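K.L.:
In terms of UniProt numbering, the sequence shown is residues 1 to 403.
Keep in mind that the hints are not guaranteed to be accurate.
[What the hints assert, rightly or not] Simulated crosslink set (SDA-like; lysine to any residue; CA at most 25 Å straight-line): (1) K169 to N105; (2) K174 to P94; (3) K75 to G231; (4) K330 to G379; (5) K78 to K61; (6) K75 to E192; (7) K78 to E250; (8) K330 to A341; (9) K75 to A93; (10) K169 to T104; (11) K330 to V347; (12) K97 to K61; (13) K193 to D85; (14) K339 to A42; (15) K313 to G379; (16) K61 to S277.
[Stated by the list, open to error] Taking CB as the label site, the calculated pair distances span: (17) Q48 to T377: 25 to 31 Å; (18) H219 to G86: 22 to 28 Å; (19) L47 to V296: 26 to 32 Å; (20) A240 to N67: 48 to 54 Å; (21) R301 to T183: 47 to 53 Å.
Hints are computed from structural coordinates only; laboratory data are not their basis.
Keep in mind the model is a prediction, meaning the values are calculated, not measured.
Even glycine gets a Cβ: it sits at the ideal position worked out from N, Cα and C.
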Amino acid sequence: MKKIILPLLVIAIGVGLGKFLIATGPEAEKQPQEIRPTLVEAQTLALQDYRVNVNASGIVKAQTQTNLVAEVSGKVLKISPNFQDGGYFDKGAPLLKLDADNYTNAITIAAGDLAQKQLALEEQQAQAKLAQRDWNLLDSSKNRTQSDLAARRPHIAAAQAAIAAAEAKLQQEKLNLSRTRITAPYSGRVQEKRVEVGQYVTPGTVLGVIYATDAVEVHLPLSLAQYDLLGMPEAFRDKAADPAAMPAVEFRPSNGNRSDVWQGQVVRSSAALDEKSRQISVIAQIDQPFIAREGVSAPLRIGQYLNAKIAGKLFNNVYSLPSAAVRQGKEILLLREGKVAVQPINVVWNAEKEVVFQADTDLNGQRVITTPLPLATDGQAVQVAGEKKPQGKPADTPQESKP
1 MKKIILPLLV IAIGVGLGKF LIATGPEAEK QPQEIRPTLV EAQTLALQDY
51 RVNVNASGIV KAQTQTNLVA EVSGKVLKIS PNFQDGGYFD KGAPLLKLDA
101 DNYTNAITIA AGDLAQKQLA LEEQQAQAKL AQRDWNLLDS SKNRTQSDLA
151 ARRPHIAAAQ AAIAAAEAKL QQEKLNLSRT RITAPYSGRV QEKRVEVGQY
201 VTPGTVLGVI YATDAVEVHL PLSLAQYDLL GMPEAFRDKA ADPAAMPAVE
251 FRPSNGNRSD VWQGQVVRSS AALDEKSRQI SVIAQIDQPF IAREGVSAPL
301 RIGQYLNAKI AGKLFNNVYS LPSAAVRQGK EILLLREGKV AVQPINVVWN
351 AEKEVVFQAD TDLNGQRVIT TPLPLATDGQ AVQVAGEKKP QGKPADTPQE
401 SKP
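Given only the sequences and the hints, what does the whole structure look like? Please build it.
P.N.:
Structure, rendered in structure tokens:
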């Protein structure tokens, strides 16, 4: 029994002694726990007018493209050095020459035929004078009228018609001769040559494909929402659209390897929606895209793919921020005295990397947090990276009071 009571007594004495020492020992001073604010990035809001840019892409097409076709038959005798794939030419420049011997001979024959017809008319006119004289001798009273046949009027009319036909034939042969020299209908470029020297061509043979170089077009498919953002003037049957109100377009190569930039303008829109995509195309025009200019390292090429930035509507008195700075698409976090202030906004446009919005209060000059803080609340302490911590009130770093 003593063996059991003695150990229990020792334990009880030890526990009591420990409590006494704890109760009578010196109390350690408690240090306040520092609350470290969240580091953020911030920028200052500025009231502005913001023009929406609509991004699109399309393929360069010739505004004027022509199949150069032979109008007469003949062997190709000569081809201009400029009439090669990619070659440039001026309006009226000779491109090809066909064998003209047959047409020169035809002109000579037609001229001879015309001379014969003119001689026949003179003979008919002379016979008409003789017939009139004989008639006058037979009828001295001159009371009767000579018949048309007796006066050879039908013969003269037929001879005159034959002359007109011969003249037309001669003019046609001269026209055929001129068509053996194929000239450029406008200043342009050769897209494809389809004929060689020595080749025999007939009317309708395509000699090559050419296009005008004064302007090209780019068809840009847009959704209906994108089209509405352009604010384009519409063309009606009885009222044309104002060209000056058409949006400007900036073009860049789609490969991204060059910094070339071409300026253009929307000139019209398509008449119908695409049945499959339900998109509408606007047609932009680029003037003089083949003339060397600063900022362009190479001319445009038909079929080239371009990225386009179309100037759209202008929003007045708005703000813009990076997309990451807008929370849930409806609010931003203002920075006020080192603390978060949640501010509701009205988004008017979502760009690719930024958001344009308005607010019910004046935010011009206010600082806004651009670092994403999805769980931040009003009054949360923050600090802009690289700036000193704002001097706060004692409540910012509360200390635990002694009992």
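K.L.:
Are the hints correct? Go through all of them and say.
P.N.:
Results of checking the hints against the structure:
1. K169 to N105: OK: K169 and N105 at ~13 Å, within 25 Å.
2. K174 to P94: holds, 18 Å
3. K75 to G231: It is violated: about 56 Å lies between the C-alpha atoms, which goes past 25 Å.
4. K330 to G379: The hint holds at about 19 Å.
5. K78 to K61: violated, 30 Å
6. K75 to E192: It holds: about 20 Å lies between the C-alpha atoms, which stays within 25 Å.
7. K78 to E250: violated, 42 Å
8. K330 to A341: holds, 14 Å
9. K75 to A93: holds, 20 Å
10. K169 to T104: Since the Cα atoms of K169 and T104 sit roughly 13 Å apart, the hinted pair holds (cutoff 25 Å).
11. K330 to V347: holds, 7 Å
12. K97 to K61: violated, 29 Å
13. K193 to D85: holds, 6 Å
14. K339 to A42: holds, 12 Å
15. K313 to G379: violated, 38 Å
16. K61 to S277: holds, 21 Å
17. Q48 to T377: 25 to 31 Å: With Cβ atoms ~29 Å apart, the hint holds.
18. H219 to G86: 22 to 28 Å: With a Cβ separation near 23 Å, H219 and G86 satisfy 22 to 28 Å, so the hint holds.
19. L47 to V296: 26 to 32 Å: With a Cβ separation near 37 Å, L47 and V296 fall outside 26 to 32 Å, so the hint is violated.
20. A240 to N67: 48 to 54 Å: Given about 30 Å between the Cβ atoms, the range is violated.
21. R301 to T183: 47 to 53 Å: With a Cβ separation near 25 Å, R301 and T183 fall outside 47 to 53 Å, so the hint is violated.
Checked against the numbered hints listed earlier, the structure breaks hints 3, 5, 7, 12, 15, 19, 20, 21; every other hint is satisfied.
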